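**Student:** Sequence:
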Amino acid sequence: MGDGAGGECCGTQYSCDTATNTLSWINAILDFIAPFNSLINAHVVNFFTDRLWENLDKEWMDCLRTEPVQNLLLIPSGVVQDHWPASLKLFILKLRALALCQEQADVNTVLPGLHITSLNTVLAQGMNVKKKHEVEILSAVVSTVANNVRAHGVIDVGAGQVWLHLLLLTKFLHA
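The number in the numbering used here is simply the position in the sequence shown, starting from 1, with 15 added.
No lab work stands behind these hints, which were simulated from the structure alone. The structure displayed is predicted, hence computed values, not measured ones. All residues carry an ideal CB built from backbone N, CA and C; glycine is no exception. Hints are supplied without guarantee of correctness; some may be wrong.
[Stated by the list, open to error] Using C-beta positions, here's what the derived DEER-type ranges look like:
hint : residue 1 : residue 2 : range
1    : D171      : L115      : 16 to 26 Å
2    : V177      : E74       : 41 to 51 Å
3    : N52       : E74       : 37 to 47 Å
Build the full structure now, drawing on both the sequences and the hints.
**Tutor:** Pasting the structure below:
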């Protein structure tokens, strides 16, 4: 199993082992996405009102339009078809090489003794199972780090539904 930071586990040359390697990876991603900024920064409605699909490579569109759905679903895994244009194959393979690893790290190995608090039913209302799991794990990690550095507070920026904040608040109140 990989370290969850990229590199070997995804078969790429990138890693987060050092600040220099991380910066190199970030710059490679920025260079890769730069030509697509007009699409990335557009709202969905602009895709139609401004005819942004015309910015897409016509050869790619012609190829992918006729491709079976099963093949299209394999693109995020880096699977390309022999009959695709070379530029499309290169794009997909480069995209895959820049992707973060999706192997899950064993949280107990990374942070031994981590105390995970299960959300009560009141706090968990409106959360799906995945979100509940994420909030429980993240709150345990944040709580552990905050305690280890003797933080007097934690700021939850971009809190959305504030679920993490609420769980952390209950942890600190009961500590």
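**Student:** Could you run down the list of hints and mark each one as holding or not?
**Tutor:** Hints, verified against the model:
no.	hint	result
1	D171 x L115: 16 to 26 Å	holds, 23 Å
2	V177 x E74: 41 to 51 Å	holds, 47 Å
3	N52 x E74: 37 to 47 Å	violated, 21 Å
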